[in-house]
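Could you put the whole structure together from the sequences, leaning on the hints where they help?
Line by line, the protein sequences are chains B, X and D. Following UniProt numbering, the numbering of the first sequence begins with 1 at its first residue and continues without gaps. Following UniProt numbering, the numbering of the second sequence begins with 1 at its first residue and continues without gaps. Following UniProt numbering, the numbering of the third sequence begins with 1 at its first residue and continues without gaps.
Some hints could be false.
[Stated by the list, open to error] Pairs of lysine to aspartate or glutamate, DMTMM-like flavour, derived with a Cα cap of 20 angstroms:
| id | chain 1 | residue 1 | chain 2 | residue 2 |
| --- | --- | --- | --- | --- |
| 1 | X | LYS174 | X | GLU185 |
| 2 | D | LYS88 | B | GLU388 |
| 3 | D | LYS88 | B | ASP311 |
| 4 | D | LYS88 | B | GLU310 |
| 5 | D | LYS36 | X | ASP88 |
| 6 | D | LYS35 | X | ASP72 |
| 7 | D | LYS36 | X | GLU185 |
[Stated by the list, open to error] Selected chain D positions facing chain X (Cβ under 10 angstroms, derived; list incomplete):
| id | residue |
| --- | --- |
| 8 | MET1 |
| 9 | THR22 |
| 10 | THR28 |
| 11 | VAL29 |
| 12 | GLY304 |
Just so you know, the hints here were simulated from the structure itself, not pulled from any lab data. Every value quoted in this text rests on a predicted model; they were computed, and no experiment measured them. For every residue, glycine included, the Cβ atom is placed at its ideal position computed from N, Cα and C.
The residues making up each chain are set out below.
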Amino acid sequence: MTAYLIKNVSVVGAAPTDLLIRDGVVAETGAGLTAPDATVVDATGLVALPGLVDLHTHLREPGREDAETVETGSRAAALGGYTAVCAMANTSPVADTAGVVEQVWRLGREAGLVDVQPIGAVTVGLAGEHLAELGAMADSAARVRIFSDDGHCVADPKLMRRALEYVKAFDGIIAQHAEEPRLTEGAQMHEGEVSTRLGLTGWPAVAEEAIIARDVLLAEHVGSRLHVCHVSTAGSVEVLRQAKARGVRVTAEVTPHHLLLTDARAETYDPVFKVNPPLRTETDIAALRAALADGVIDIIATDHAPHAVEDKECEWAYARPGMLGLETALSIAIDVFGGDWDLIAERMSRTPARIAGLDGHGVDPAPGVPANLTLVDPAARRVVEPAELASRSRNTPYARMTLPGRIVATFLRGEPTVLDGKAVK
Amino acid sequence: MAYPSAAQSPPARQPSVKVILASADVQRVVDRIAHQILEKTQGAQQTVLLGIPTRGAPLAKRLAARISAFEDVAVPVGVLDITLYRDDLRRQATRAVGPTQLPPGGIDGKRVVLVDDVLFSGRTVRAALDALNDIGRPASVQLAVLVDRGHRELPIRADYVGKNIPTSLAESVKVTLAETDGADEVRLYGEGPAL
Amino acid sequence: MIRHLLSGADLDAATATEILDTAAEMATVAGREVKKLPALRGRTVVNLFYEDSTRTRISFEAAAKRLSADVINFSAKGSSVTKGESLKDTALTLQAMGADAVVVRHPASGAPHRLADWVDGSVVNAGDGTHEHPTQALLDAYTMRSRLGRLAGLSVAVVGDVLHSRVARSNVLLLSTLGAKVTLVGPPTLIPVDIAAALAPGTDVSYDLDAVLPQSDVVMMLRVQRERMNDSYFPSAREYARRYGLDGSRMRRLPEHAIVMHPGPMNRGMEITPEVADSARSTIVEQVANGVSVRMAVLYLLLGGNNR
Chain B
1 MTAYLIKNVS
11 VVGAAPTDLL
21 IRDGVVAETG
31 AGLTAPDATV
41 VDATGLVALP
51 GLVDLHTHLR
61 EPGREDAETV
71 ETGSRAAALG
81 GYTAVCAMAN
91 TSPVADTAGV
101 VEQVWRLGRE
111 AGLVDVQPIG
121 AVTVGLAGEH
131 LAELGAMADS
141 AARVRIFSDD
151 GHCVADPKLM
161 RRALEYVKAF
171 DGIIAQHAEE
181 PRLTEGAQMH
191 EGEVSTRLGL
201 TGWPAVAEEA
211 IIARDVLLAE
221 HVGSRLHVCH
231 VSTAGSVEVL
241 RQAKARGVRV
251 TAEVTPHHLL
261 LTDARAETYD
271 PVFKVNPPLR
281 TETDIAALRA
291 ALADGVIDII
301 ATDHAPHAVE
311 DKECEWAYAR
321 PGMLGLETAL
331 SIAIDVFGGD
341 WDLIAERMSR
351 TPARIAGLDG
361 HGVDPAPGVP
371 ANLTLVDPAA
381 RRVVEPAELA
391 SRSRNTPYAR
401 MTLPGRIVAT
411 FLRGEPTVLD
421 GKAVK
Chain X
1 MAYPSAAQSP
11 PARQPSVKVI
21 LASADVQRVV
31 DRIAHQILEK
41 TQGAQQTVLL
51 GIPTRGAPLA
61 KRLAARISAF
71 EDVAVPVGVL
81 DITLYRDDLR
91 RQATRAVGPT
101 QLPPGGIDGK
111 RVVLVDDVLF
121 SGRTVRAALD
131 ALNDIGRPAS
141 VQLAVLVDRG
151 HRELPIRADY
161 VGKNIPTSLA
171 ESVKVTLAET
181 DGADEVRLYG
191 EGPAL
Chain D
1 MIRHLLSGAD
11 LDAATATEIL
21 DTAAEMATVA
31 GREVKKLPAL
41 RGRTVVNLFY
51 EDSTRTRISF
61 EAAAKRLSAD
71 VINFSAKGSS
81 VTKGESLKDT
91 ALTLQAMGAD
101 AVVVRHPASG
111 APHRLADWVD
121 GSVVNAGDGT
131 HEHPTQALLD
141 AYTMRSRLGR
151 LAGLSVAVVG
161 DVLHSRVARS
171 NVLLLSTLGA
181 KVTLVGPPTL
191 IPVDIAAALA
201 PGTDVSYDLD
211 AVLPQSDVVM
221 MLRVQRERMN
231 DSYFPSAREY
241 ARRYGLDGSR
251 MRRLPEHAIV
261 MHPGPMNRGM
271 EITPEVADSA
281 RSTIVEQVAN
291 GVSVRMAVLY
301 LLLGGNNR
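Rendered as structure tokens:
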């Protein structure tokens with residue numbers, strides 16, 4: 001195993017130092033380190049962050065390998081600075097059995113670019129009718145702890161209550177896609193001025209807020225852990241703020257695109273901007289940014305959702321919702337929070353690792369710590385070219401935008417997955 | 001439009017402007033055509049004047065007024081817009097369509113006199129003949145123009161010509177009328193940059 | 001000159017007026033012996049219809065043929081579930097066929113915008129989903145102008161299912177541009193959110209038809225589908241007709257000169273009674289005739305010159 005000596009790196013924004021990585025861990029830190037056997041990485045001007053952790057990734061395998069595979073998604077993740085991703089359950093077949101989650105987990109190990117932690121479905125086939133075998137998935141080799149029907153809401157309040165209660169037995173957590181389905185029948189975009197003008201059926205903010213309000217009350221009632229996926233509205237932030245103030249065990253995520261893009265993007269009818277929950281308004285963006293800064297929203301999660309060309313190069317209403325995120329998330333975070341590296345590490349690495357229970361991830365580089373880290377060049381700027389992305393799909397909403405920051409290197413347990421800005425394998 | 005600067009281009013030939021018909025001349029010419037129409041149409045019986053926009057339309061009205069002044073006959077007057085029949089529609093941005101107004105009695109079985117200001121290539125008259133063909137069936141069609149400057153590209157000739165002006169292709173003829181431009185005049189612009 | 005006609009918002013007052021003026025000239029062709037003009041000879045107009053709408057298709061077809069264009073009817077009806085050829089592949093096919101204009105009717109809002117990205121020719125929106133139907137708005141404006149002599153300052157009530165109406169959206173945009181005052185009337189469930197901000201700032205909303213009628217120069221009744229009551233937009237067809245239908249007694253609340261319009265097809269007895277539909281105030285038949293003239297004007301202005 002090669003040793004790496006990273007010279008003059010700013011660890012989470014601190015004064016430059018050296019990091020020696022040997023045998024999968026950070027062996028030593030301090031200025032002026034030498035190690036004749038180590039490969040030297042000149043990290044002058046770079047920032048080291050604990051490897052990023054994504055709580056919300058769609059890898060599409062099994063079932064839609066034309067859109068993404070565990071391997072291509074893992075490579076995209078590594079290039080985005082991630083060392084662990086949680087793979088959503090809405091594959092085909094659905095990850096609702098021990099067999100499927102173990103398959104995804106094994107594919108992740110074989111790719112070896114990030115740790116792929118499968119998320120299990122809450123209900124069989126995501127149908128919202130019967131609980132999937134949550135315990136079997138928890139006991140499997142994949143050791144599933146997060147369960148989600150993401151893409152669908154667990155709308156039935158009784159089923160949601162049971163799921164929240166049941167996973168307490170193995171310290172599980174239910175990650176809810178908060179969308180009251182009756183209020184969003186046929187919905188295409190945020191309900192507001194733009195949807196009225198474009199004649200697209202509206203997705204009202206209240207459809208999200210009503211479910212979050214219900215779910216925090218349920219979680220409070222049964223004393224369980226609730227995670228809210230992709231919070232998108234100012235109203236949701238207020239519901240979460242009150243719940244947290246009462247001590248409800250709820251965590252929440254926001255996506256990079258909901259921090260940056262508004263529903264005005266739909267005006268071209270280009271479905272690359274179609275996503276669920278939909279892009280909202282400037283008011284929502286301001287509330288989400290503030291909530292992320294003050295901790296009402298705990299983490300940034302990508303909701304990386306690759307789609308094949310034919311599912312996006314079509315009429316808006318027929319397009320599938322979702323956008324790529326892994327390779328651009330850190331840039332959006334830098335765009336929003338500038339050089340507040342501690343906040344970025346907290347929201348994109350430490351907290352998501354803690355929520356997911358991923359040992360060895362989300363820990364700042366220090367002697368003895370597993371060497372899961374990424375090196376960022378904060379001064380670099382790049383133009384997003386969809387064709388250059390490592391993802392198998394091209395549905396990035398940031399095409400031809402200039403974004404700050406560039407991942408120079410990523411290490412997974414001491415092995416580089418990215419060097420000189422390129423994937424190692 | 002960018003004009004070539006003096007330093008870059010050879011010395012431009014001086015443009016020349018020559019007034020061919022002054023205001024009084026124009027009126028005399030219109031009177032003469034009105035007399036000729038009366039003469040050739042047996043007193044303008046069963047005759048309709050159709051002006052081709054822009055300046056053919058007021059000319060037709062003037063001719064009708066003069067005819068009725070000379071012989072006390074009311075000659076029906078109309079306007080025939082030929083935009084949709086032009087053969088050069090696609091050579092420039094879409095042209096606005098003007099009104100076509102036929103006199104109440106229509107043109108079927110009548111002697112139609114088309115009226116225009118300048119006869120040049122003949123393409124406008126060709127378009128007018130096509131338009132007439134779609135509108136009705138006149139007994140005969142004649143053509144009256146204020147100026148004939150030559151250079152026909154089609155086998156077309158005028159029945160009534162106010163003034164023949166021999167020109168070169170580099171020259172241009174400009175008719176102004178009181179109704180459309182404020183004053184009656186016919187000018188010949190010589191070679192040189194466009195004015 | 002504009003390249004496509006996708007939305008009422010594509011037209012400024014000058015362009016819209018030019019279309020109406022041109023349509024008035026085109027209308028004279030209908031009364032002639034030879035109902036044909038040579039202006040679009042050699043041009044190809046494709047009618048690409050993903051929804052059955054015989055009346056709109058025939059109107060565009062007549063318009064194109066009167067201008068001597070070649071017309072190809074391409075019926076691409078099929079549900080999104082049994083997706084056949086994609087819209088993009090169809091666009092490439094039309095491109096290869098040398099379509100100078102594509103007239104598209106599509107159940108998905110925005111489909112004409114997508115098409116315009118993929119073909120070189122002009123795209124005319126003949127109705128897309130619940131979005132817009134700009135030539136309908138033009139023919140409505142033409143009808144109002146010919147009946148009432150003007151558009152500026154007119155008070156126009158648009159009544160019914162505004163939420164799902166492409167006719168309403170295009171009319172609000174166009175009529176506002178041309179200086180008319182639009183009031184949208186219907187049950188609150190069928191008025192979309194933020195409509196004035198979304199379309200035209202001067203637009204009013206009312207839930208009370210009886211209060212609006214005495215101040216209206218024009219009442220435009222929108223088609224209301226009975227199925228909407230199954231989705232709780234209103235309790236029953238009978239209650240809808242009682243509150244928002246136009247019958248004889250309501251019609252008599254209108255000023256003497258006011259006209260009644262309907263884009264068709266009508267639900268007689270639902271939004272409009274036969275007494276009103278067949279009255280002298282009704283312009284419903286004129287609207288159909290004016291549709292051909294207006295579409296001729298649109299096709300001529302898009303295709304008549306070298307507008308590339």
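Status of each hint after checking the structure:
| no. | hint | verdict |
| --- | --- | --- |
| 1 | X:LYS174 with X:GLU185 | holds, 8 angstroms |
| 2 | D:LYS88 with B:GLU388 | violated, 24 angstroms |
| 3 | D:LYS88 with B:ASP311 | holds, 12 angstroms |
| 4 | D:LYS88 with B:GLU310 | holds, 9 angstroms |
| 5 | D:LYS36 with X:ASP88 | holds, 18 angstroms |
| 6 | D:LYS35 with X:ASP72 | violated, 37 angstroms |
| 7 | D:LYS36 with X:GLU185 | violated, 38 angstroms |
| 8 | MET1 | holds, 5 angstroms |
| 9 | THR22 | holds, 5 angstroms |
| 10 | THR28 | holds, 6 angstroms |
| 11 | VAL29 | holds, 8 angstroms |
| 12 | GLY304 | holds, 4 angstroms |
Hint compliance for this structure: hints 2, 6 and 7 are broken, all remaining hints hold.
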